Structures are given as C-alpha cells and as structure tokens.
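First to last, the protein sequences are chains D and C.
Start counting the first sequence at 218; every next residue gets the next number (this note's numbering).
Start counting the second sequence at 218; every next residue gets the next number (this note's numbering).
In short, the hints are calculated from the structure, not lab data.
Below, simulated DSSO-like cross-link-like pairs (lysine-lysine); rule was C-alpha separation at most 27 angstroms, straight line: (1) K510(D) to K424(C); (2) K510(C) to K363(C); (3) K424(D) to K510(C); (4) K424(D) to K363(C); (5) K363(D) to K424(C).
Quantities reported herein were computed from a predicted structural model and do not represent experimental measurements.
Number of protein chains: 2
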Amino acid sequence: MQQGMDTLVVVGVGLIGGSFALSLKRAGMARHVIGVGRTRENLERALELGVVDEISQDLAEVAGRADLVLLASPVGQMGALMAAMAPRLRPETVVTDAGSTKGDVVELYRRHLPDQLAHCVPAHPIAGSDLSGAAAAQYGLYENRKVVLTPLPETLPSVAERVAALWRACGAEIHCMTAQEHDAVFATVSHLPHLLAFAYVDMVAGKADAERCFDFAATGFRDFTRIAGSHPEMWTDISLANRDALLEELDRYRAGLDQLRQMLAAGDGERLAERFGAARGARTRWHQQFMRKG
Amino acid sequence: MQQGMDTLVVVGVGLIGGSFALSLKRAGMARHVIGVGRTRENLERALELGVVDEISQDLAEVAGRADLVLLASPVGQMGALMAAMAPRLRPETVVTDAGSTKGDVVELYRRHLPDQLAHCVPAHPIAGSDLSGAAAAQYGLYENRKVVLTPLPETLPSVAERVAALWRACGAEIHCMTAQEHDAVFATVSHLPHLLAFAYVDMVAGKADAERCFDFAATGFRDFTRIAGSHPEMWTDISLANRDALLEELDRYRAGLDQLRQMLAAGDGERLAERFGAARGARTRWHQQFMRKG
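Please model the entire structure based on the sequences and the hints provided.
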C-alpha cells in the first residue's frame with residue numbers, strides 16, 4: 218500500500234463511507250472495494266451504483282482480505298465490529314473510522330484491537346448532509362472539507378501518514394490533534410449547539426400557546442433551529458459519548474447566560490449591548506473567514 | 218381616506234418605512250408621501266429613488282398635513298417623535314408604527330398622544346433583512362408576510378380596519394392580538410433565540426481555544442449563530458423593552474436545559490433521545506408548514 222491499496226473494506230456504505238469509496242476509486246487509490254453492512258438492500262444499491270465492487274454482511278468473513286478497513290457505521294456499533302474482525306485482521310491491515318467522537322472510539326480500539334494499535338488511526342471527517350444511504354454517496358463530498366486524525370501514541374507515523382494521504386486524495390485537508398482536544402473542540406462548536414437547539418424547540422413545543430408561537434416563527438427561528446431537525450438517536454449517542462466535555466461546555470454556557478440574565482433583569486443596557494456587540498463582532502469575523510475558505 | 222389617502226408621512230425611510238411607501242404608491246393608496254428622518258443624505262436618496270415625494274427633517278412641521286403617520290424609526294426615538302407631532306396632528310389623522318415590541322409602544326401612545334388614541338394603531342410588520350437605508354426599500358417586501366396589529370381598547374374599529382387595508386394592499390396578511398400577547402409570542406420565537414445565540418457566540422469567543430474552535434465550526438454552527446450577527450443596540454433595546462416576557466421565556470428555557478443536563482449527567486440516553494425526538498418532530502412539522510406558506 219504505497220500509492221493506494223488493493224482491497225478497501227468499508228463498513229457502513231452510506232454518505233460517509235460510500236463517498237470515501239467513490240473518491241478513492243476515482244483517484245485510483247483503491248482497486249477493489251468491499252462494502253459491508255447490515256441492510257442487504259442498501260448494499261445491493263451500492264453495488265448497482267458502482268460505489269463498491271463486492272458486498273458482504275459479515276465483516277469477519279472479509280476482514281482478512283483488507284489492506285484498510287474504514288468503520289463508517291454509528292459509533293455504537295463499532296465495538297462489536299472491531300471484536301468481530303480482530304481475529305481475522307492481518308498484522309499490517311490499517312483500521313480507521315469516521316466517528317463523530319474520538320475519546321470513546323479510542324477506548325474501543327484499545328479494548329478490541331490491542332494488538333493492532335500501531336495500525337489504527339482514529340479519524341473524523343467533517344462532512345455531512347441530510348442525506349443518507351448508499352444513494353447519497355458522492356464524489357467530491359470531501360473536497361476542501363476538514364478531516365481530523367487523532368492518532369494513538371502507538372500509531373506508527375507512517376501509517377497515520379498513509380491514512381492522511383488517502384483523505385488528501387479525496388480532496389480533504391488534514392488536521393491532527395489528540396482525541397481529547399478533538400472532543401473539546403466539537404463539544405463547543407457542534408455538540409453544545411445541537412443540545413441548545415433541541416432544548417429550545419422542545420421548550421417552545423411544550424408551551425400552552427405553542428401553535429401561535431410556531432405561527433409567527435420566521436427565518437431567524439428557521440436557521441437557529443435547523444440542527445434541532447437532526448437525528449435524535451445519533452445525537453443522544455454523541456452527547457453521551459462526549460458527556461464530560463459537553464457538560465463542561467454546557468456549564469460554561471449557562472454561566473454566561475446567567476450573566477446576561479442579570480444584566481437584563483437589572484436593565485443594564487450598556488453591558489448587554491457590549492456583550493451582544495462582542496458576539497456580533499466574533500460572528501462576523503468568523504463568517505467572513507468561513508466564506509473565504511468556501 | 219376611503220381607498221387610500223392623500224398624504225402619508227413616513228418617519229424613518231429605511232427598509233421598513235420605505236417599502237411601505239413604495240408598495241402603497243404602487244397600489245394607488247397614497248398620492249403624496251413625505252419622508253421624515255434625521256439623516257439628510259438618506260432622505261435625499263429616498264427622494265431620488267422615488268420612494269418619497271417630499272422630504273423633511275422636522276416632523277412637527279409636516280405632521281399637520283398627514284392623513285396617516287407611520288413611525289418606522291427605532292422604538293427608542295418614538296416617544297420624542299410622538300411628543301413632537303402631538304400638538305400638530307389633526308384629530309382624524311391616523312398614527313401607526315412598525316416597532317418590534319408593542320407593550321412599550323402602547324405606553325408611549327398613551328403618554329404622548331392621549332387625545333389621539335381612537336386613531337392610533339400599534340403594529341408590527343414581520344419583515345426584515347440585513348439591508349437598511351432608503352436604498353433597501355422595495356416593492357413586494359410585504360408580499361405574504363404577516364403584520365400584527367395590536368389595537369388599543371380606544372382604537373376605533375374602522376381605523377384599525379383602514380390600517381389593515383393598507384397593509385393588505387402591500388400584500389400582507391393581518392393578525393390582531395393584544396400587545397401583551399404579541400410580546401409573549403415574540404419573546405418566545407424571536408427575542409429569546411437572539412439572546413441565546415448572542416450568549417453562545419460570546420461564550421465561544423471568550424474561550425482560551427476560541428481560534429481552534431472557530432476553525433472547526435461548520436454549517437450547523439453557521440446557521441445556529443446567524444442571528445448573533447444582528448444589530449447589538451437594536452437587540453438591546455428590544456430585550457429591555459420586552460424584559461418581563463423575555464425573562465419569563467429565558468427562565469423557562471433554563472429549566473428545560475437543566476432537565477437535559479440532569480439526563481446527560483445521569484447517562485439517561487432513553488429520556489434524552491425522547492426529548493431530542495420530540496424536538497425534531499416539532500421542528501420538522503413546523504418547517505413543513507413554513508415551507509408550504511412560502
């Protein structure tokens with residue numbers, strides 16, 4: 218596996234796993250792709266669409282042929298998947314994943330693949346959409362997107378670099394950090410806002426005058442609550458997996474909100490305007506930078 | 218003023234006031250529009266663009282000629298404007314406004330125009346954009362948008378109906394409620410989310426690792442924080458004007474958030490998923506309805 222590999226095994230052939238397979242095939246970095254999943258129908262669709270070249274519902278059966286395994290299934294299933302393939306993996310097979318949290322996935326690698334750690338590369342591609350399933354797989358999903366790698370202390374640098382090169386071949390930009398750093402950052406910029414948005418919509422929906430409220434909700438409400446339309450089980454898993462960091466961010470947020478509440482109750486317009494102004498300034502600067510990066 | 222009127226005075230010729238003037242002129246409901254404002258340059262631009270037919274920086278001077286006055290300036294200026302025009306208004310002149318809060322504006326009508334109340338119609342057009350100034354004025358801004366009227370007990374029904382007819386001529390849909398009902402609804406669906414979004418961005422910006430956090434913020438963050446880019450002084454004014462209702466909503470939100478925090482701390486995934494699911498269900502239903510209405 219210098220330039221690419223012979224056999225890629227993708228577990229979970231949906232938007233994330235399917236797009237990885239398609240992009241690597243186009244880049245000539247994977248000659249044969251085996252798609253593994255629980256749903257026969259989705260696998261057959263993936264085969265039909267050319268996302269994968271071969272399908273299987275039994276990871277243990279095909280794991281021994283893999284040069285690289287990407288676990289792109291929900292984090293809740295990863296432990297069992299690792300346990301299933303552990304006895305079959307060749308020592309040099311690289312194992313990586315696409316989980317949204319990393320501390321818990323690192324624990325799973327340590328528990329289920331203790332002899333493989335030099336070849337394990339926990340990872341998180343920052344890409345997604347409302348679409349799912351094999352039909353959602355697309356070339357170009359990772360163009361200019363970030364992929365965070367959180368290599369273990371045991372991970373061979375050359376192996377981490379191989380995984381980085383594959384993602385780069387998909388068009389992605391690689392960032393390395395520890396699993397703990399990853400989870401802290403994503404608690405702040407992703408997990409907390411989801412929790413806040415869910416809490417907000419749940420509160421409005423529970424009001425006696427909810428119907429009238431929804432009636433007058435407009436575009437500000439629409440954008441603020443978009444992420445409250447996210448998948449409840451997935452976000453429950455993420456919240457629990459990253460519980461400590463999320464609780465810390467939540468408490469930090471509540472402390473800030475309490476300060477704003479005091480200013481509001483005291484009628485302190487000057488300090489309120491100062492906090493709102495600081496927020497607007499930061500948001501505007503962020504957005505300009507975000508737009509420039511495309 | 219059966220079908221329309223001779224002279225409309227619009228105070229504050231920006232997006233809201235200017236679009237009202239343009240739409241009424243096109244509908245043949247206002248033969249002569251006088252634009253009043255503090256900034257000469259903006260008024261001259263409005264004249265140039267045909268948004269208004271005459272301009273003035275002195276409301277007292279032109280108020281006596283008005284069949285209807287629309288106060289489309291910040292709520293903070295409305296008291297002084299009402300006081301300035303009070304001695305000049307003809308008894309039958311209709312006074313209305315476009316303030317985002319209504320309880321405080323009702324107080325201003327009562328204090329400054331006690332003899333005019335039968336002809337006063339507090340109102341709130343639910344429209345806006347990031348644009349401002351006379352150049353932002355546009356036909357069609359109010360097409361299919363909601364306008365809330367909060368007539369006083371003293372307001373003559375025929376006068377409220379005249380104001381309603383003007384907004385309908387702009388393409389808007391009229392809703393009537395009390396000022397208190399209005400302020401409660403908008404505390405819930407607009408003022409609270411702004412406060413929450415400001416608090417969130419302010420919190421992130423204050424973190425030691427803010428730069429790294431912003432670096433990994435993506436589209437969920439972008440949409441959730443869009444309203445934190447709103448005008449700080451305007452939102453300070455709105456928050457203070459609607460303080461009681463906003464505090465009530467904020468406390469309701471904090472109570473809900475505390476419950477989620479407890480579930481999270483207790484690792485109670487079942488109840489978390491239930492709350493998240495309820496939120497997603499409500500948000501999805503709302504969004505489908507919102508899209509249908511265009």
